[in-house]
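Asker: Chain by chain, the residues run as shown.
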Amino acid sequence: MSSEEDLLKRVTEVRNLKENCFKYLEDSSKDLLTQKIIFAIAELTYEKRGSVKLAEIAQKVLGEGDKKKQDLVRLTIDKSLLKCGLVEKLHYSANDVRYVLTAYRFQKVKAIDSFRGESAEPIGKVYEISKSTWPIPDEFFILVAKKFGYGEALKKINTDFDKDEIPRGKYEDLIRTYTEDLNQITKKITEKYGGLEDLVGTKF
Amino acid sequence: MKIFCAFVILVVLFFGISQSEIFAQSQNRLTVSFENDVAPRYEVSLNPNEKYILSQSYSWVRDQTSRYNLVSYSIDGSQHIPIPRIARGEFTLDVRTDSSRTIVFRAVSQFPIEVSGADVFFFTPESPTQDNWFDLDSKISVVVPKGSETEEGKIRKAITGWSLDKTKMQVVLADDTEFFNTPTIQMSNFHTVDFTTQTQYRLDVLSQFGTTTGSGWYNKGSEVTVSVVPPGDFLIRSVVDHWEGPDVESKGNSATLIINGPTTVQAVWSTDYTILILMIMIPAGIGFYFFRRRKQVVVSAPQVAQVAQISQVGRPSIGKPQSEKKYVAQHFDFKYSSDLTNLTKQKTVEKLEKMCAAKLMTESRLAEIKKKLE
Chain L
538 MSSEEDLLKR VTEVRNLKEN CFKYLEDSSK DLLTQKIIFA IAELTYEKRG
588 SVKLAEIAQK VLGEGDKKKQ DLVRLTIDKS LLKCGLVEKL HYSANDVRYV
638 LTAYRFQKVK AIDSFRGESA EPIGKVYEIS KSTWPIPDEF FILVAKKFGY
688 GEALKKINTD FDKDEIPRGK YEDLIRTYTE DLNQITKKIT EKYGGLEDLV
738 GTKF
Chain P
297 MKIFCAFVIL VVLFFGISQS EIFAQSQNRL TVSFENDVAP RYEVSLNPNE
347 KYILSQSYSW VRDQTSRYNL VSYSIDGSQH IPIPRIARGE FTLDVRTDSS
397 RTIVFRAVSQ FPIEVSGADV FFFTPESPTQ DNWFDLDSKI SVVVPKGSET
447 EEGKIRKAIT GWSLDKTKMQ VVLADDTEFF NTPTIQMSNF HTVDFTTQTQ
497 YRLDVLSQFG TTTGSGWYNK GSEVTVSVVP PGDFLIRSVV DHWEGPDVES
547 KGNSATLIIN GPTTVQAVWS TDYTILILMI MIPAGIGFYF FRRRKQVVVS
597 APQVAQVAQI SQVGRPSIGK PQSEKKYVAQ HFDFKYSSDL TNLTKQKTVE
647 KLEKMCAAKL MTESRLAEIK KKLE
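If you're matching them up, the sequences are chains L and P in order. Using the numbering used here, you'd call the opening residue of the first sequence number 538 and step up by one each time. Using the numbering used here, you'd call the opening residue of the second sequence number 297 and step up by one each time.
Calculated directly from the structure, the hints in this document are not laboratory data. The beta-carbon is built from N, C-alpha and C at its ideal position, and this holds for glycine as well. Mixed in with the good hints, there may be bad ones.
Calculated cross-link-like contacts (lysine-lysine; reagent style DSSO-like; alpha-carbon spacing at most 30 Å) [unchecked claim]: (1) K616(L) to K692(L); (2) K692(L) to K462(P); (3) K643(P) to K668(L).
What the simulated footprint calls covered on chain L by chain P, stretch by stretch (three residues with Cβ under 8 Å from a Cβ of chain P suffice, anywhere in the stretch; the number is not a length) [what the hints assert, rightly or not]: (4) 657-669; (5) 680-689; (6) 716-724.
Not the full set, but computed from the structure, chain P residues with beta-carbon under 8 Å of chain L [stated by the list, open to error]: (7) G548; (8) K631; (9) Y632.
For reference, chain L alone in the conformation it holds in the complex:
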């Protein structure tokens, strides 16, 4: 799976978090290092379109990326965010470890232990990390915008033809060309970014 595909999968996934872990996302934790790290990872991942290094996180959160600051960030991540399943550690090589969020939408759940086994009951709405930091490829936005552009062009062709402003031959050529192009764009969006259009909410 490519890095782009991996990030897209994380964007479309909703992850369950127990109450003690969900608190890191709540407003009450906005001054805590844990929340700052989460949002820093989100922003850096968006900028780089990939997982981020410890030094980069430390630099963004603490303004310095030296060894001491990195250790502080690493400890915070290891002790809380990794355990909770909010952040994932990716080992690229022995000396190259990077971090990425496990998902961009989280559901607070209450764990229930009963004789039927363990289950989770959702509490409240799904929490969404700001969409402006979702690592969605440029291609997706271009395709969605082009889809709109071609749809508008088709509307104009039909309107002009109804008003007899374009001759039949020209109309037929244009309709065929623009419909084919629009279908190609729509197909690519569905195949490569299935469901993302609804999720991101680009249909306005």
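Position chain P relative to chain L; hints supplied.
Answerer: Same frame as chain L, but now just chain P:
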């Protein structure tokens, strides 16, 4: 007494020959061995009075993921004789027992390839043993039909990706080709090939008149635009009134719909008499106009000159040269296409700006994307 002596001599002669023969027979042995010691060598005694059938498995285990398969055999050092390549069962050979024999079998290593995710597939070249096992170092490819219909003409499974040995899934592009061939796979080990599929539904676009576009196979949930190009009627025109089908949004000659199952959409036509009416009304109107003008001329003589003047003024604009008309048409075509391209670009950029305003991207990213579009 003579008879007794003769009997004794006969008995001695008989037993003497038999024992020597038996002694000779016990020396006949069959030695079975395998090239490269792919199986243990063994020996058996041959009895000249009995038929000996040698039996050897066509295939036997090499290790957890490979096997040996018989290829040929040689008797007493002669040239190798090929053995039919069969995966299972026993190869039998009628061995002559009149003297000692040596049989050497030749076998090759074979590795299997497991294919999942595709109902129909085949290998090229096919397996020598007619199964999914291939000789060491042979190069093969797995071939799958890109779409196999589970419900004829309605639902099909389309191959969308594949992976070798559970590694990176690779995309299978949807194009006009009927089959997908994996790149060459070298059989020096056990391999797995996994295919991913997507259910697709058939969309049929029907229309009583004109030419339709949009019929084909689409993924579930995809948004499709269909259209029909109306026939070139002149006086009485057929125009699309609306589209019929599940959740179809009609937009004149085109329509959009979301594919949620096998779908048929149909253009419903109505008849437009506008041109016919105009063709009747305009000459009638012109005739009526001139009739009235003529009537006025007859009544008032000074107006004759005025009428002539008016008609002279009007004439040049009607009678433009043919080449000029053609130039005007071409110029219009070019301008219209160019305007349309600009409109598409403008609307595309507008949409990007809306997405930026909705905080789906930052200003700097919008600028980057706009650059890419240019």
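Asker: Which earlier hints can't be squared with this structure?
Answerer: 1, 2, 8
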